[in-house]
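Top to bottom, those sequences are chains A and E.
Count along the first sequence starting at 1, add 7, and that's the number in our numbering.
Count along the second sequence starting at 1, add 874, and that's the number in our numbering.
Just to be clear, a hint being listed does not mean it is correct.
[Unchecked claim] Selected chain A positions facing chain E (in silico; Cβ < 7 Å):
{"id": "1", "residue": "LEU20"}
{"id": "2", "residue": "PRO22"}
{"id": "3", "residue": "LEU48"}
{"id": "4", "residue": "ILE49"}
{"id": "5", "residue": "TYR108"}
{"id": "6", "residue": "ILE161"}
{"id": "7", "residue": "TYR164"}
[Said to hold, decoys possible] Using C-beta positions, here's what the derived DEER-type ranges look like:
{"id": "8", "chain 1": "A", "residue 1": "ASP144", "chain 2": "E", "residue 2": "ILE1337", "range": "32 to 42 Å"}
{"id": "9", "chain 1": "E", "residue 1": "GLU1419", "chain 2": "A", "residue 2": "PRO54", "range": "22 to 32 Å"}
{"id": "10", "chain 1": "A", "residue 1": "GLY34", "chain 2": "E", "residue 2": "LEU1026", "range": "51 to 61 Å"}
{"id": "11", "chain 1": "E", "residue 1": "GLY1121", "chain 2": "A", "residue 2": "PRO54", "range": "38 to 48 Å"}
{"id": "12", "chain 1": "A", "residue 1": "GLY34", "chain 2": "E", "residue 2": "GLU921", "range": "33 to 43 Å"}
{"id": "13", "chain 1": "A", "residue 1": "TRP17", "chain 2": "E", "residue 2": "ALA1299", "range": "43 to 53 Å"}
{"id": "14", "chain 1": "A", "residue 1": "PRO54", "chain 2": "E", "residue 2": "TRP1467", "range": "56 to 66 Å"}
{"id": "15", "chain 1": "A", "residue 1": "ILE49", "chain 2": "E", "residue 2": "PRO1423", "range": "38 to 48 Å"}
Think of the hints as simulated: they come from the structure by calculation, not from any bench.
Virtual Cβ for every residue (Gly too), placed ideally from N, Cα, C.
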Amino acid sequence: MSSGRRRVRWILLLPCAALAVMVYFFGVSLGRDPGLVPSPLIGRAAPEFSLPELLAPGSVFSLQDVEEGPWMLNIWASWCSGCIVEHEFLMALGRAGAPLYGLNWKDAPADAREWLQLRGNPYRAIAVDANGRAGIDWGVYGAPETFLIDAKGIVRYRHVGPLDEAVFSQAFLPVLEGGAQ
Amino acid sequence: MQDRTLGLISMIPEIGQISLALALCLAAALAVFPLAGAHAGNVRWMEAGRPCALGMLAFVALAFAMLAVSFLRHDFSVQYVALHSNLKLPAMYRFAAIWGAHEGSLVLWQLILSSWTAAVALASRSLPPTLRARVLGVLGLISIGFLLFILLTSNPFLRLFPAAADGADLNPLLQDPALAIHPPLLYMGYVGLAVPFAFAIAALLGGRLDRRWARWTRPWTTAAWMFLTVGIALGSWWAYYELGWGGWWFWDPVENASFMPWLAGTALIHTLAVTERRGLFGNTTLLLAIAAFGLSLLGTFLVRSGVLVSVHAFASDPARGLFILVFLAIVMGGALLLYAFRNVAANPQTGFKLVSRESALLVNTVLLSAATVLVLFGTLYPLALDALDMGKISVGPPYFNLVFILPMLPLLLVVGAGMHASWKATNTAAWGRKLRVPAAVAILGVIVLTAAAYGFAGILTGIGMLAGLWVIAAALRDPVAWLLRRGPRPGRSAWGMQLAHCGLGVTTLGIVVVSAWGVETDRRLALGENLEVSGYEFQLERIEEVEGPNYQAAQGVVRVSRNGRPVTTLYPQKRVYEVQQSPMTEAGIDAGWRHDLFVALGEPLGEEAWSVRVQVKPLVRFIWLGALIMGLGGLLAISDRRYRMASPKEDES
Chain A
8 MSSGRRRVRW ILLLPCAALA VMVYFFGVSL GRDPGLVPSP LIGRAAPEFS
58 LPELLAPGSV FSLQDVEEGP WMLNIWASWC SGCIVEHEFL MALGRAGAPL
108 YGLNWKDAPA DAREWLQLRG NPYRAIAVDA NGRAGIDWGV YGAPETFLID
158 AKGIVRYRHV GPLDEAVFSQ AFLPVLEGGA Q
Chain E
875 MQDRTLGLIS MIPEIGQISL ALALCLAAAL AVFPLAGAHA GNVRWMEAGR
925 PCALGMLAFV ALAFAMLAVS FLRHDFSVQY VALHSNLKLP AMYRFAAIWG
975 AHEGSLVLWQ LILSSWTAAV ALASRSLPPT LRARVLGVLG LISIGFLLFI
1025 LLTSNPFLRL FPAAADGADL NPLLQDPALA IHPPLLYMGY VGLAVPFAFA
1075 IAALLGGRLD RRWARWTRPW TTAAWMFLTV GIALGSWWAY YELGWGGWWF
1125 WDPVENASFM PWLAGTALIH TLAVTERRGL FGNTTLLLAI AAFGLSLLGT
1175 FLVRSGVLVS VHAFASDPAR GLFILVFLAI VMGGALLLYA FRNVAANPQT
1225 GFKLVSRESA LLVNTVLLSA ATVLVLFGTL YPLALDALDM GKISVGPPYF
1275 NLVFILPMLP LLLVVGAGMH ASWKATNTAA WGRKLRVPAA VAILGVIVLT
1325 AAAYGFAGIL TGIGMLAGLW VIAAALRDPV AWLLRRGPRP GRSAWGMQLA
1375 HCGLGVTTLG IVVVSAWGVE TDRRLALGEN LEVSGYEFQL ERIEEVEGPN
1425 YQAAQGVVRV SRNGRPVTTL YPQKRVYEVQ QSPMTEAGID AGWRHDLFVA
1475 LGEPLGEEAW SVRVQVKPLV RFIWLGALIM GLGGLLAISD RRYRMASPKE
1525 DES
């Protein structure tokens, strides 16, 4: 009698157990959200690449071409709406002389050039990663993303999503200014 | 500089913000007083529920209005407005842009939840005070969660300083009439499932579940289900003509997120009927009520957290995902623990025979639940694999099409037969006599359609058509018998039930026919060239430039003729919206009962030619027409008088 009753209760607990399993998996997946986990690259040397330059056909852009000091690498594409959102701000950075470089990711170069013509070009140089191979080395999840690399070539920070004034002054500016001194 | 005399007007976003905070206070009062009052037997505390619910609605509506005003006035000092509107955006879409993105759609969600809560508060005078207080209290708890969610992670009234000169515009995909009204309808359904959930929790808290409880819960459940049905259909219709490739269902996670609550809600409607009529299936009803709302919350989580959507959609935010996950865990965990430890379902004194309506509805519940679980599994499986480090994969339409047909085909056969079974025990001979005519009509229909209209396309297609026609014929049997004066006049809820089932059959028929005989062709078409599809000649006459309010379009002029006689002219467009510069395809569709003629422009191929997609889709309208009929059936069922009676009145259907 009493054992029969207990069995009924265990069955009624099953939905609760299923929920617990589901919530566990969601928790793990959330932890994997690109925005939440810092990039594994942080604290390591920036991955090498050697890619065509977008606006200088025939020439190649690689890490050696980056000028001395800390710099930023912005991952963007002409199909990406978040890139439009951050573009005004990037233009302001470019005008202020920020060391901003671009990685044109999984995009058609022609579209990318047209896009820049329309909106302006804030970058010192732009690498063309048409098939996304370099993006894999950098652990790119999507566009836009912005990496911060210090004067020693170490990745210090990665921002996922449109860059704005708040994030820039909090996370990027200290390193950029520190490197300038 | 802002003009200081603008005073109140310049504070509109702040008024909205304060309204939300006040609504949160009222939600807290709504949760605390009625629940505590019901526990302690304090009538005055219980009675606080109604004014709190109405007050909450008032403040949420005020906040919503303030957001609407900000959009209509082009207040680009509000970040949300700046990101999702534009000076050139037509007023109608400026209003619809309120729910065009995350923050505003949550305000809409909360407005609808508050409306349902207020509706319960106003329409529940005949309920016992403790039950009413508990239902309102639970709805208040849910409101606390969503208002906190808005205020802590998704504030739509955040200011942008300095204000933007112009906005970034609404996503062009959303600039469409159907999509403007799709979210409100869908949310009415989603959120409406909170009401049966609250009734279930109230029953668990009160330790009492009886037939009267089921009678009170039924109309609310049917109402929510009705909105959900029409909302899903509208989304499917929109995808069909706006995404530009003529599909009508993609088993996309976001679609599944709305479909799973619908499946669970459909099962719930049916077990509620058994609980009301016969006092059976109490535990199943409670579990389904909890699950249906749980799946709504899960859908919200999946869509809002970015766990399943494309990684390129940065509308998602991990803090938001975490909030909903914790909220989901608390609400569902609490509900399911309560369910496990409060065994409230009355022990049924009566059983039922093998051949009875109860049996049919039991099979129905099992199959619908199985379908829900299989869709849930397909939606979450890629996620689980990723969590276990087993790689990223996605389960596509082949999986869903297979696992959905498996429970659905037998279900359709049971639906037709079960409708005519009697409660408790069925007289098999009389039952068989009732089913003879519908069965004959269905078989005849399949033969006629196959032979005269479409031709043979496989056994499975034949069975599918048979299932659809069988459900239609079985559903219409009683109304037709009444019209021929050979049967009694069905009651309103019976009418509603039959109409809804008829809609199910119509949708099924549409799905089967369009899947089997729909024709799709992608071709390069030079100007003036003819393309023949299913006996129709499609001629791309010319391409012209068209200017819309906030877009430019290349518009094709496609003359359609049959046997040399002109049928219609279609104007498919390729639009480029000025601000976001994204190309959008606007299909040219000639809609008809027999079929749709569908033309969409692809890409220009050189000077004088375009890639063109031409489709002929037989009976595709039936898919959405069926859903509308289902919704109408729901409406008819709700309007049955007995739901407005204080005391139970016995059987009709």
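Consistency of the hints with the structure:
The beta carbon of A:LEU20 is positioned within 7 Å of a beta carbon in chain E (closest approach about 5 Å), and the interface hint is therefore held. Satisfaction of the interface hint for A:PRO22 is found here, the shortest Cβ-Cβ separation to chain E being roughly 5 Å, below the 7 Å cut-off. A distance limit of 7 Å between C-beta atoms decides the matter here; for A:LEU48 the minimum to chain E is near 17 Å, and the interface restraint is violated. A cut of 7 Å between beta carbons decides the hint on A:ILE49: the least distance to chain E is about 17 Å, and the hint is violated.
With a cut of 7 Å, the hint placing A:TYR108 at the interface with chain E is violated, because the nearest CB-to-CB distance is about 21 Å. The beta carbon of A:ILE161 comes no nearer than 25 Å to any beta carbon in chain E, farther than 7 Å, and the hint placing it at the interface is violated. Violation of the interface hint for A:TYR164 is found here, the shortest Cβ-Cβ separation to chain E being roughly 17 Å, above the 7 Å cut-off. Between A:ASP144 and E:ILE1337 the C-beta distance comes to about 53 Å, which lies outside the given range of 32 to 42 Å.
Separated by about 46 Å at the C-beta atoms, E:GLU1419 and A:PRO54 break the suggested range of 22 to 32 Å. Taken as a hint, the range 51 to 61 Å is violated for the pair A:GLY34 and E:LEU1026, whose Cβ atoms sit roughly 19 Å apart. For the hinted restraint 38 to 48 Å between E:GLY1121 and A:PRO54, the CB-CB distance of approximately 39 Å keeps it satisfied. Range check, A:GLY34 to E:GLU921: Cβ separation about 41 Å, and the 33 to 43 Å hint holds.
The hint said 43 to 53 Å for the Cβ distance between A:TRP17 and E:ALA1299, and at roughly 33 Å that hint is violated. Range check, A:PRO54 to E:TRP1467: about 60 Å between beta-carbon atoms, so the 56 to 66 Å window is met. Between A:ILE49 and E:PRO1423, the C-beta spacing of about 46 Å keeps the proposed range 38 to 48 Å intact.
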